[in-house]
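Number of protein chains: 2
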Amino acid sequence: MTPPPFLDTPEAYTTLFDSVDTFLLDCDGVIYHGPVVVPGVKRVLSLMRARGKKIIFVTNNATKSRRMYKTTFDKLGIEAHENEIFGSGYASAVYMSRILNFPADKRVYVLGEKGLEEELDSVGIKHCGGTDPEDRVFIPSMDFSYFTPDPTVGAVLCGFDSGINYKKLGKAFSYLRDDPNVHFLLTNQDKVFPTHGTFYPGSGSLSAPLVFALQGKREPTIIGKPNKPMMDAIIAEHQFDPARALMVGDNLLTDIAFGNNSGLRTLLVMGGVTQKEQIYGDKPSDILPTFVVESLGDLAVLDGQPAEKTA
Amino acid sequence: MTPPPFLDTPEAYTTLFDSVDTFLLDCDGVIYHGPVVVPGVKRVLSLMRARGKKIIFVTNNATKSRRMYKTTFDKLGIEAHENEIFGSGYASAVYMSRILNFPADKRVYVLGEKGLEEELDSVGIKHCGGTDPEDRVFIPSMDFSYFTPDPTVGAVLCGFDSGINYKKLGKAFSYLRDDPNVHFLLTNQDKVFPTHGTFYPGSGSLSAPLVFALQGKREPTIIGKPNKPMMDAIIAEHQFDPARALMVGDNLLTDIAFGNNSGLRTLLVMGGVTQKEQIYGDKPSDILPTFVVESLGDLAVLDGQPAEKTA
Numbered sequence: 001m002t003p004p005p006f007l008d009t010p011e012a013y014t015t016l017f018d019s020v021d022t023f024l025l026d027c028d029g030v031i032y033h034g035p036v037v038v039p040g041v042k043r044v045l046s047l048m049r050a051r052g053k054k055i056i057f058v059t060n061n062a063t064k065s066r067r068m069y070k071t072t073f074d075k076l077g078i079e080a081h082e083n084e085i086f087g088s089g090y091a092s093a094v095y096m097s098r099i100l101n102f103p104a105d106k107r108v109y110v111l112g113e114k115g116l117e118e119e120l121d122s123v124g125i126k127h128c129g130g131t132d133p134e135d136r137v138f139i140p141s142m143d144f145s146y147f148t149p150d151p152t153v154g155a156v157l158c159g160f161d162s163g164i165n166y167k168k169l170g171k172a173f174s175y176l177r178d179d180p181n182v183h184f185l186l187t188n189q190d191k192v193f194p195t196h197g198t199f200y201p202g203s204g205s206l207s208a209p210l211v212f213a214l215q216g217k218r219e220p221t222i223i224g225k226p227n228k229p230m231m232d233a234i235i236a237e238h239q240f241d242p243a244r245a246l247m248v249g250d251n252l253l254t255d256i257a258f259g260n261n262s263g264l265r266t267l268l269v270m271g272g273v274t275q276k277e278q279i280y281g282d283k284p285s286d287i288l289p290t291f292v293v294e295s296l297g298d299l300a301v302l303d304g305q306p307a308e309k310t311a
Numbered sequence: 001m002t003p004p005p006f007l008d009t010p011e012a013y014t015t016l017f018d019s020v021d022t023f024l025l026d027c028d029g030v031i032y033h034g035p036v037v038v039p040g041v042k043r044v045l046s047l048m049r050a051r052g053k054k055i056i057f058v059t060n061n062a063t064k065s066r067r068m069y070k071t072t073f074d075k076l077g078i079e080a081h082e083n084e085i086f087g088s089g090y091a092s093a094v095y096m097s098r099i100l101n102f103p104a105d106k107r108v109y110v111l112g113e114k115g116l117e118e119e120l121d122s123v124g125i126k127h128c129g130g131t132d133p134e135d136r137v138f139i140p141s142m143d144f145s146y147f148t149p150d151p152t153v154g155a156v157l158c159g160f161d162s163g164i165n166y167k168k169l170g171k172a173f174s175y176l177r178d179d180p181n182v183h184f185l186l187t188n189q190d191k192v193f194p195t196h197g198t199f200y201p202g203s204g205s206l207s208a209p210l211v212f213a214l215q216g217k218r219e220p221t222i223i224g225k226p227n228k229p230m231m232d233a234i235i236a237e238h239q240f241d242p243a244r245a246l247m248v249g250d251n252l253l254t255d256i257a258f259g260n261n262s263g264l265r266t267l268l269v270m271g272g273v274t275q276k277e278q279i280y281g282d283k284p285s286d287i288l289p290t291f292v293v294e295s296l297g298d299l300a301v302l303d304g305q306p307a308e309k310t311a
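Chains as they are written, first to last, in the UniProt record's numbering: chain B, 1 to 311; chain L, 1 to 311.
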């Protein structure tokens, strides 16, 4: 496979920029690194808006709702609108609502945080589990004889849940064990999540007990990048021409695979989780982007402003 | 592959019985089903003792120590001695102590119950985590900035832990992430455990978050059946001639694979987790025992006692 072009001239940036109407942007690693905005990116976002480009922020983090993400963007001084934000939590809610047509009289048993519950609320899907103290306060025990399953539960949805415990895993497992019609959904299957300059078990790791226990019996539908349901949910809400869309990300396994799988062109940015040798080394990755740039912020030169305004 | 013989005559039982000096016996499904002793099994165990056979009870359950198992056997009215009992918890302790030569000044971070801690104590291995309330009482949070790793931790050992939470998973993950010399051990990788006539996520499911998060970076050593470390640990403690030993179990994937992998003959009992069609059906399992009997209790006819003494 020919390695993808590394774009590093204003001419190359212009050609790419002009060929795109819709930018799907991963957040952490592209727009910011934790609390630090990537230099130049605010100017690039302004330029996109000035030129009438559509922006969709696409993130696998399901712990925050769009409302919470908006607050994060506000704090970082980045213009963003709730309807531009698409987290895997909201994608899960949209997928259940519009694609599964999840019944209004059913509820979903949630492993997840407040942000995920908020997104289910936003589309009118009833839920239980989640941040309910009843399930989060747990006396260690292997005894489930106290547990009477709720017959209205029609799905189990697993996101990142810092309050994970055996009670919640056991309840979720019971629903999936006892009824093949109960949907089994994961917001995403990220192995780890980055925080404080290191990383800890991610959403996919916290649903691994259910996936492992049910192996060979039940397979989950995985919503988040790189999987198709995330794109189906985005397209259900935002119509755009895939031929004139670009997925921008720092992660080959999630962002770039996601764009590639959906027939979009993809732009890999360095400075995140991918090393250059994974693209240009002797043994390149099986998953390659259409283009590579050092940073999305480098496209800031296209706005004709003086470079010192970079931040 | 020729299907294994189904033994159902006193002559067949005698030939088998006389060819065995050491019986390795799975417990749940062979000796008892939960609180109910399998009919005839007490007589068979008495006969083994009368004929000078060596008995080793081999179980993957790591939540109980040998001492606790002895109590269970006592309650069921089954003669058993602590030194005949080999759970995957004790096997893990023996493996660490005798095969890894785990240093006396190091400690192991435990995901597990009191029984596992007790077995580590029994071989003099220091531990932390486990049932320590400090780790079991958890306020849901993704923030690990409070956590200062203990530099003496040289291993992470995961068994069934009903007090599993993100704090423990995060701490265990940190040790494995930061130091490739920290051993990564699972007492066993059972998907589910049976209880109250149904089943819930098992030990292997509870370690799945760590296995998944570290996939491609760290592989665990799995101690319990069907894996070799369990047999290495048993042999380190009990010398016996494999050619005159028999592994008896109800589970093809754990018990029978365990015996087969170790070059022992194997005896499958029905009435547990295996269906006859998995052996004698059109599409038999890849893992087959040397022999099949309906129940270990059926060998009670060999003691010449009247049948009414069956229980």
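Think of the hints as simulated: they come from the structure by calculation, not from any bench. A couple of the hints might just be wrong.
Same chains, same label: a pair holds when it works inside one copy or across any pair of copies.
To be verified - Derived BS3-like pairs: lysine-lysine, alpha-carbon spacing no greater than 30 angstroms straight-line:
{"hint": "1", "residue 1": "Lys106", "residue 2": "Lys276"}
{"hint": "2", "residue 1": "Lys42", "residue 2": "Lys126"}
{"hint": "3", "residue 1": "Lys106", "residue 2": "Lys283"}
{"hint": "4", "residue 1": "Lys75", "residue 2": "Lys106"}
{"hint": "5", "residue 1": "Lys42", "residue 2": "Lys106"}
{"hint": "6", "residue 1": "Lys217", "residue 2": "Lys283"}
{"hint": "7", "residue 1": "Lys114", "residue 2": "Lys126"}
{"hint": "8", "residue 1": "Lys217", "residue 2": "Lys276"}
{"hint": "9", "residue 1": "Lys54", "residue 2": "Lys217"}
{"hint": "10", "residue 1": "Lys217", "residue 2": "Lys75"}
{"hint": "11", "residue 1": "Lys114", "residue 2": "Lys283"}
{"hint": "12", "residue 1": "Lys228", "residue 2": "Lys217"}
{"hint": "13", "residue 1": "Lys126", "residue 2": "Lys283"}
{"hint": "14", "residue 1": "Lys114", "residue 2": "Lys75"}
{"hint": "15", "residue 1": "Lys53", "residue 2": "Lys191"}
{"hint": "16", "residue 1": "Lys191", "residue 2": "Lys228"}
{"hint": "17", "residue 1": "Lys191", "residue 2": "Lys217"}
{"hint": "18", "residue 1": "Lys217", "residue 2": "Lys70"}
{"hint": "19", "residue 1": "Lys42", "residue 2": "Lys70"}
{"hint": "20", "residue 1": "Lys75", "residue 2": "Lys283"}
{"hint": "21", "residue 1": "Lys217", "residue 2": "Lys53"}
Violating hint indices (sorted, rising): 1, 2, 3, 4, 5, 9, 10, 11, 13, 15, 18, 20 and 21
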